[in-house]
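Asks: Here are the chains, one letter per residue:
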Amino acid sequence: MEHLLQVRNLTIEYRSARTEAHRAVADVSFDVRAGEAVGVMGESGCGKTSLALALLGLHERECASVSGIAMLRGTNLLALDEHELRSFRGEKIALVSQEPGLALCPVRRVGEQIAEVLHAHSAQSWKQCRAEAEAWLERVALRPAKRIWEAYPHQLSGGQLQRIALAQALICHPELLVADEPTASLDARSQAEFIELLRDMKRQLGLSVLLVSHSPEIQASLADRVIVMREGRIVEQGQFAQILREPADPYTRTLLSRAATVNRHARSEIRAEEFAAR
Amino acid sequence: MSAAGQGEVLLRVRGLGKSYVQRREFTREKFQVHAFEGIELAVQRGATFAIVGESGAGKSSLARCLALLERPDCGEIWIETKDVTKASRAELFELRRKVQLIFQDATAALNGRFTAAEIIAEPMRIQGLFGAAQRRERAMELMEQVGLPLAGAKKLPREWSGGQRQRLAIARALALEPSVLILDEALANLDLSNQEMILRLLADLQARRGLTYIYISHDLRLVALIADEIAVMHEGRIVEESGAAEFFAQPRNSYARDLIRAMPPLETILRERLQEEPA
Amino acid sequence: MKFLARRTLHAALLLVGVSFFSFALLQWAPGDFLDELRLNPQISKQTVEALRGEYGLNESLPVRYERWLFAAAKGDLGFSLAYKSPVGPLIAVRARNTLVLTGTAMLLAWTLAIPLGIWTAVNRRGWTNRIFGAATSTLLTIPDLLLFLGLLLLAVRTGWFPAGGMFSDATDGATFLSHAKDLLAHLFLPAAGLAIVSLPVLMRHVRSAAIEVLDAPFVRAARGHGIPRWRLLFRYVLPVAANPLISLFGFSIATMLSASLLAEVILSWPGLGPLLLEATLSRDIYVVVATVLLSATFLVVGNLVSDLLLYAADPRIRVE
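Chains A, B and C, in that order, give the protein sequences.
The number in my numbering is simply the position in the first sequence, starting from 1, with 592 added.
The number in my numbering is simply the position in the second sequence, starting from 1, with 4 added.
The number in my numbering is simply the position in the third sequence, starting from 1, with 11 added.
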């Protein structure tokens, strides 16, 4: 399989007048193949969110200096200026972030906001974009689509809003979806539903996903390969089953320690499994 | 997890209910929001009792009522042999020593202008216990117990990490030697490794001091690790309550079942995944 | 509509309160209208006393206020002692003039403040930022009085603008167009002055409202979707930034009215300002109360309008 995304020597440094320069990401290199889901795991502050934002060029030039290469089908994303980036964002690479409630404009209808993304990247009329947006609401299982279309963000739940964010991200059929802790603000059921939806979309669209999440369970549900980051560096990478079952690096082990603890309580766990199988 | 036998009931709740009156922002019309109603609970001494539910289910309002920060509209809360809902202000002041609350956001819960030692000493000062020197001594002892370096006694909260701040909050809560500690999503903002550390600390403290914990959480996996008893809240009511093992093995309520099904343990997920994709 | 009813009631109560206070303050201030006359040795004390009785100036406050209130409710705002004519028509003309001035100044000020504020917000990390900051600070520190006097000086020295008044004499019979041109020439200085005086504060508020929105996560998310810059500004940023600005609009009416008093007095614009000043100095009580009441009404209506605009603009306020 060919490589969709090739990241080499990515380094991100935050500068500010008051504090010293802080290296959020240091010399990170990895690949993402077409149709593959790569998980990025690590504690907060390890640089995973900075990494995600850098791929979309969303760091303010005055605050962060980004160096290295991120080749998306032959173009270095990190070398593009704001104008050039606009044709990539949403169209070839898209982002879903952590807090769905904050990712939408509070005074506009959600359906409009999905249509806006399509409108920005295609020559279709506004009417066609509206219809397409409504079709996407159906695809992400938000029904009744017409009523949801007209709703405002504050009228919907976190789970619904995150699905709308997904519709926005996928409506132009990008090849790579970057998901930055997409389930962290959702409750248990919405989390499970969202991951299921994401898996579905990945299968249907042949989507590649870069999934940033500190939760081993979320990574296990979706990732094909996992990258473990610590303090801006990659400490381990490999097939998800390998990493999650037998982590080679001691740091990865501490990261998964709670998951390991769950395994110790085999008794209650087995019963839950039996039940889940029913 | 402690070995909680069929001990005495330390905290009992009967028919507790609370609703809030809110005003619409523009038209100033009033409307009622029912936080919770008909709550019945019995928490045994030394046990870990978990209240699970989605956000907005009324768990935090319940936590505040149990911590004596708010008065419920109806019902009774019995702590040991006293009905707290009928207590006078003076009695409440004393009773607060028995129940302490630890919040989700440690940063917001600590006074940013106090040093660590001052933060821990504050409850003692408010209750008029001991002298200044003794308070400081006890503060240092507590810092040691929660695993914070003594050299940091003069540090401000912002100089600590998230996990350390939560430990500071725990030390503060222990200052008055409470019987019950209510943890309202106290681990939600922490990394997994930090969570692990704090869980170990809490287990240790429970073993040494015989504390009773009430965990409020939306994270079933966390609850699976530590709880003796689990109660599920849904839209302001308790829909299921049972011992932990029983809960995971045979949940009776459909909402509880859905919750469990939504959070399978890691091994299960891995197994399912590997079965699906042989490549 | 219950909302409107409640607001109207509040407004009415407010206006009654305002009228009472201005009435009372003027009454309690030492002296009354006829004091000037008293100083004149040619007029006998008895005449003054008789006049006082005739004008009703020797009765107690509650009595006088009550009488005024009932009359005002019927639309009769009293009698001007200085002009010897009913107050109503007297202030109507002045009120119109003040509205023309204040309205134009508001339009000017906001039309400048919004683009400038947004521009400085968008470029907040550049070097132009400092220049604008310095400029607004400088403008803020110049006292209004000085600014208006300066404009007056400009008019007198250069002759580019008329130095006062609203119309030139002998304009009857002229065409509507030349009439309008004449008005504009007279209007320019006071309106520009008022706009300049309010501009720094408005600009700063627009800027901070815009910055708050520009730094919001949803703007970054929209950028992440590839929404082009101008569309982002007009369809995402402005609608949200409008919220605090609409509230500000209500407040700015109040400050503008206060400043207009100064502008009108110095630049001789025949509005409520000079009338109020004159009437206060000569204790022409009914004029004062009526003028203050009118200003208060402008304020209340302005705030009501801005609240309604807010309701229309922000769906979060409109609960289902």
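Hints in this document: simulated from the structure, not taken from any laboratory.
Any given hint could be a false lead.
What the hints assert, rightly or not - Ranges of calculated distance between the beta carbons of each label pair, as one might list FRET restraints:
hint: 1; chain 1: B; residue 1: 18; chain 2: A; residue 2: 608; range: 47 to 57 Å
hint: 2; chain 1: B; residue 1: 213; chain 2: A; residue 2: 797; range: 33 to 43 Å
hint: 3; chain 1: A; residue 1: 615; chain 2: B; residue 2: 278; range: 31 to 41 Å
hint: 4; chain 1: C; residue 1: 41; chain 2: B; residue 2: 27; range: 30 to 40 Å
hint: 5; chain 1: C; residue 1: 20; chain 2: B; residue 2: 75; range: 49 to 59 Å
hint: 6; chain 1: C; residue 1: 25; chain 2: B; residue 2: 73; range: 46 to 56 Å
hint: 7; chain 1: C; residue 1: 25; chain 2: A; residue 2: 615; range: 37 to 47 Å
hint: 8; chain 1: C; residue 1: 14; chain 2: B; residue 2: 74; range: 48 to 58 Å
hint: 9; chain 1: A; residue 1: 730; chain 2: B; residue 2: 86; range: 20 to 30 Å
hint: 10; chain 1: B; residue 1: 131; chain 2: C; residue 2: 150; range: 48 to 58 Å
Stated by the list, open to error - Some, not all, of what chain C presents toward chain A, calculated at C-beta under 10 Å:
hint: 11; residue: 78
hint: 12; residue: 85
hint: 13; residue: 248
hint: 14; residue: 254
Source: prediction; values computed, not measured.
Think of the CB as a built atom: it goes at the ideal place given N, C-alpha and C, for glycine as much as any other residue.
Asks: Hints first: check each against the structure and report whether it holds.
Replies: A quick look at each hint next to the structure:
no.: 1; hint: 18(B) x 608(A): 47 to 57 Å; result: holds (55 Å)
no.: 2; hint: 213(B) x 797(A): 33 to 43 Å; result: violated (55 Å)
no.: 3; hint: 615(A) x 278(B): 31 to 41 Å; result: holds (37 Å)
no.: 4; hint: 41(C) x 27(B): 30 to 40 Å; result: violated (46 Å)
no.: 5; hint: 20(C) x 75(B): 49 to 59 Å; result: violated (34 Å)
no.: 6; hint: 25(C) x 73(B): 46 to 56 Å; result: violated (38 Å)
no.: 7; hint: 25(C) x 615(A): 37 to 47 Å; result: violated (60 Å)
no.: 8; hint: 14(C) x 74(B): 48 to 58 Å; result: violated (31 Å)
no.: 9; hint: 730(A) x 86(B): 20 to 30 Å; result: violated (57 Å)
no.: 10; hint: 131(B) x 150(C): 48 to 58 Å; result: holds (55 Å)
no.: 11; hint: 78; result: violated (51 Å)
no.: 12; hint: 85; result: violated (45 Å)
no.: 13; hint: 248; result: holds (9 Å)
no.: 14; hint: 254; result: holds (8 Å)
Violated hints for the displayed structure, listed by number in ascending order: 2, 4, 5, 6, 7, 8, 9, 11, 12.
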